[in-house]
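Number of protein chains: 2
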Amino acid sequence: MQLPVRSRLLLLLLLRASGLRAGERSSSAMEEITTEKEAEESHRQDSVSLLTFILLLTLTILTIWLFKHRRVRFLHETGLAMIYGLIVGVILRYGSPSSSGHDKPFSCSQEDRPFTTLLVNVSGKFFEYTLKGEISPGKIHNVEQNDMLRKVTFDPEVFFNILLPPIIFHAGYSLKKRHFFRNLGSILAYAFLGTAVSCFIIGNLMYGVVKLMKLVGQLSDTFYYTDCLLFGAVISATDPVTVLAIFNELHADVDLYALLFGESVLNDAVAIVLSSSIVAYQPTGENTHAFDAAAFFKSVGVFLGIFSGSFMMGAVTGVVTALVTKFTKLHCFPLLETALFFLMSWSTFLLAEACGFTGVVAVLFCGITQAHYTYNNLSVESRSRTKQLFEVLHFLAENFIFSYMGLALFTFQKHIFSPIFIIGAFIAIFLGRAAHIYPLSFFLNLGRRHKISWNFQHMMMFSGLRGAMAFALAIRDTATYSHQMMFSTTLLIVFFTVWIIGGGTTPMLSWLNIRVGDHAPSVEEINESRWLYFRVGVDPDQDPPPSNDSFQVLQGDGPDSERGNRTKQESAWLFRLWYSFDHNYLKPILTHSGPPLTTTLPSCCGLLARCLTTPQVYDVAACGINPKTHSVPHSQANIPQVPPCQNQEQLREEDSDFILNDGDLTLTYGDTTITANGSSGSRTATTSLDGRKTKSSSEEALEHDLGMGDNEVTSRGTRLVFPLEDNA
Amino acid sequence: MQLPVRSRLLLLLLLRASGLRAGERSSSAMEEITTEKEAEESHRQDSVSLLTFILLLTLTILTIWLFKHRRVRFLHETGLAMIYGLIVGVILRYGSPSSSGHDKPFSCSQEDRPFTTLLVNVSGKFFEYTLKGEISPGKIHNVEQNDMLRKVTFDPEVFFNILLPPIIFHAGYSLKKRHFFRNLGSILAYAFLGTAVSCFIIGNLMYGVVKLMKLVGQLSDTFYYTDCLLFGAVISATDPVTVLAIFNELHADVDLYALLFGESVLNDAVAIVLSSSIVAYQPTGENTHAFDAAAFFKSVGVFLGIFSGSFMMGAVTGVVTALVTKFTKLHCFPLLETALFFLMSWSTFLLAEACGFTGVVAVLFCGITQAHYTYNNLSVESRSRTKQLFEVLHFLAENFIFSYMGLALFTFQKHIFSPIFIIGAFIAIFLGRAAHIYPLSFFLNLGRRHKISWNFQHMMMFSGLRGAMAFALAIRDTATYSHQMMFSTTLLIVFFTVWIIGGGTTPMLSWLNIRVGDHAPSVEEINESRWLYFRVGVDPDQDPPPSNDSFQVLQGDGPDSERGNRTKQESAWLFRLWYSFDHNYLKPILTHSGPPLTTTLPSCCGLLARCLTTPQVYDVAACGINPKTHSVPHSQANIPQVPPCQNQEQLREEDSDFILNDGDLTLTYGDTTITANGSSGSRTATTSLDGRKTKSSSEEALEHDLGMGDNEVTSRGTRLVFPLEDNA
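Sequence lines, in order, name chains A and B. Take 397 as the starting number for the first sequence in our numbering and just add one per residue. Take 397 as the starting number for the second sequence in our numbering and just add one per residue.
Honestly, the hints are just simulated from the structure, not real lab data. Possibly wrong hints are sitting among the right ones.
Because identical chains cannot be distinguished in the list, a pair is counted as satisfied if it fits within a single copy or across any two copies.
[What the hints assert, rightly or not] Derived SDA-like pairs (lysine to any residue); straight-line CA-CA distance at most 20 Å: (1) K725 <-> L458; (2) K610 <-> L1004; (3) K725 <-> F822; (4) K722 <-> A711; (5) K725 <-> L462; (6) K722 <-> R466.
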């Protein structure tokens, strides 16, 4: 049992040293000049090591640009970040002098268990020390191995508490996609059942591998069954960021995109909670690390408890934010709104951690709630601000993790590479993925009208990359032999999948004949879609640009219009229930959209309904923005002039993601906004199509919205076409 | 000599505890369950204390909104944050149980100086401890005083390394103001000479007060002359955030605004470096704390060295960023651009710290350089992104510091309030401010044609608030008796000035008859200027809305047109030199604007010039945005159609801030953009005025720009009127 010698990262690195510095600054002149110099040296080294990472990220950014500029698709930015990390890791490992370090270990015996704070009397002066962790006796001399390596190796909890939350929140916040909700059932099945199946299959296979290793004599320390299961949980967190980026760029099928993205987002949460539950599986009595029914059910209880608790935390803070933004006129002050949004989202993490739940999971569900409700209450400026803020944070955090991964291959000092284990792991993750994708797809296809085709299944199978989450879970605990081996193997798996599989996506797509926007991009198109490229894999809030196929659907002709109806029915049972509840109660309560509560709630709740319905309809004009004024030039072109709404109580339907139709309604949102910069001719056409589609979809879906949808959604869409308000 | 018992903040808090957690997670089952529980408890408490701050900030934001909504001006958001902080501080202090804490101090003797790392043998297991700081023997039992108080008290270096950089960078990044550069000479005089004078006067006065206290017997410990000087430096950092917010809101005089803002930004840097130099003043030999010429000159050297070094660091990273953004087509990918911008700006801080300079100062100059050069190379989307990003960071950091200040009054455990010292300090800062504002203004007025009037001087005198910087400098070192007294006094001074003087700004302005936009704001105006309100004190990149007076200037009639000429001549000597150098060489090298280098550099450098001039003129159309297409609707109204430029080598003049004319040229930038949301009628008028003005100013200033300026600046201006590209 041992703790890696690592210093804490980022601010921590800075602060720890600075703290010392403050300490000696307090000393009056001439005293402890050596300590001062030492601390300053340490502070300087901290800065240098952080600079190393910044240099890495800067290099990555410049190379990404070059790649995007030249349309290189075989290597994703994350793969690139890893390569640069590797190079710097090699340099640090073999290039820097193995200095002995000036922190001399000092031993002093103590009878009791360790204290978190220690006071040490040094020639009459008292110094305060804080506990950093335990070190196995054999490793004491490794403590001092290499100063620079120590500096660039940082606390694994940094990943969990600083780097993962923005990534996960951004994923949740980008989930506001019609295609996601349409495939919700399948996504949930893949994420929950799939991850569990994958975890158990990988765990059991790896246990076999471990037994084999024991037979061959390759295992030098214990490796329990629970460790294997933990490895299964850790490695089941997929992260197809590379594949999704390419999907986005190639305009691949939107349903496949939604399935992959949704699965990967949710299975991260499942994997975290699953690994916590496995850690919590502690059989009582002598017979540790064997099966114990009580402990097993306790673990299941832990899983359910943590998952539902985190879910609740996230949902509750999201709902509170929605209520606050609804009932105040904060949207007149986008800066305040953005700050509040940021703080509330962050508080989810802390709240969950304070209550003993998992902050990262809570943040995911908070992001989804924020996107679904709060987003509608935000001002247009805040919408873009919050998105951009989290986009930048996500981008930086993700690339940081990947370049750290590259670095860790050489700077992490306790790698255990076991060829048998590594080969076994590759086979196990392949089988584990196959064992949940194909059977689950089969069962889902029984229920689905719009089947998941074989080609889609193969593509999903192929896209099971491992990334940031698997790494963060694996590095979280590298104290024992088994965990170190797991960590090294995970690292290799991430490298392999990101480079090889990520690079093979484009050939695979064409080999599997998966529909891709087949038009060769013209110059104008490139210009139009450039706004997508830079968001590749980062902001999937916008639907991927429509393939020709979905344009046909949009126009309502061809064989696909039939498919639209089928899709609608398919997700009907669970979905319509949730949809009507959400549409009739949650949305009116939490946002300014949907039908007024006074009409949907039973009459006995009249007073409550009146309180919750804001007397003034959410009106941007209250802040001085009149969308109508600006939308006229575009909207007048094709959209029939609908007389202004008679019923003043009717609230706006701002968010039509839920309407179950194959037509690309929400494309108004993404597509028209994007391309308004380019030629406006083709856009007005799209707008008119949307307008028509909206009417038909609202006719189909919700009778009480009839006659409203067309006017309001269109004005909404058009308003986004000209979001002049953004730029003040 | 002692170090306050404080835990490290924010992430630190989280990480420290998490680190422990990771430590025990590594333990196999059943072991050290007590330690685990303890660590989890600590982690939970950390989360709770962070939640406290988030709650505080959320409350502040909501109340700010209420105040802005109701147009309450007597209390600024920072004052509010302090009040909430005070309340929570009282609750924590007197409401929470004074738990004994579970961190038991442990003493063990050691012969040598303290190590930074300690290995402790606890019943056979080794634990690693890191040095936190020294504790005076008398205070050992205070270590455990109150857990909650400890948790909310954090390392002062957090302020310097995390919270101040975004504030200072944002200040620098917002400095791109014509009025700032016009008054550069006066601002530099106030910032350098003024701060030095103020520091020495306050220091000497306080030394008198200290002598008096010794006589009366109120002084229980030593208080050196250098401590007094340090206090002078600390308290000389002004922060008129409250006053500037009100100026912005009331449309007060732009020159006064520029003087105050510029002075406060630069004097922060001076105060930091000054205090470092005073700390570095360590007379040799026996006679410590008396005057020593060698040590004095060393201090002066330290001041110059640190200041110029930090300046260089900031300028260099700014220039590198400008070059990178110029020579790559990164502006096609705003996300990458924003990330790069953020990383480069952060690296300034680290680079300066790594080289032993002051990161905060470097960040300031980096911000100014970025605003002056890099900003011109950024895509329109990145411009708003970077601004908004740093705006949010600035807002959060500033309000965090102010609410922490409120909290610190009650939770900081070593306050020393000495009535004589406090009263003396108030008198001293009053006299210190008076002693530099009035004489300096007198001397400056000798050189200035456009005098700083008495009323302006009184207002500057009155606006000498103290804020975040003074607090951060004072809390940096609270180890000795004298420093504790200084800290407590600084806290009170900040409270007093922010509340009382901040609240008195509006009456003071009217009492001093300072020109204020005298029109009662109409509904339309409120709508238009609401974009300003939320930026109050935060984003002064936009000129404050023009008072009627400047509109007259703009129109070129009335007595003020004469003033314009005078102003131009006034700043001519130093300024024209820099302007022509900047315009002819720096801007063409670093940005895509200005005359081509091939014309300005001597012919011998022809090759170099050709290399540095990008072959393709910076063309937004390269990314698919054609500003002309969109600008037509507005620009065709009044601007004469100038035939397209014949000379393909001519580069655009993107940034005309420097042209020395009283006309509000840059208002095209701020004002038109802001108000494009409202009525567009009055705006086209402004645009046309700008167009005219541009021509005349370019005629006056730079002959070789003749004929270009009109066309290009206008197209630039109009492009910003319709920044559709922002919203993709």
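The hints, checked one at a time:
Within a single copy, K725 and L458 get their C-alpha atoms only as close as 41 Å, which misses the 20 Å cut-off; across copies the closest is 10 Å, which meets it. In this homomeric assembly, K610 and L1004 never come within 20 Å of each other (Cα to Cα): the closest approach is 68 Å inside a single copy and 68 Å across copies. For a Cα distance limit of 20 Å, the shortest separation of K725 from F822 qualifies neither inside one copy, at 54 Å, nor across copies, at 40 Å. Proximity of K722 to A711 under the C-alpha cut-off of 20 Å is restricted to the intra-copy arrangement: shortest distance 16 Å within a copy versus 44 Å between copies.
In this homomeric assembly, K725 and L462 come within 20 Å of each other (Cα to Cα) only across copies, at 9 Å, whereas the closest approach inside a single copy is 44 Å. For the identical chains of this complex, K722 and R466 are inter-copy neighbours only, at 18 Å across copies versus 45 Å inside a copy, given an alpha-carbon limit of 20 Å.
When held up to the earlier numbered hints, the structure conflicts with 2, 3 and fits the remainder.
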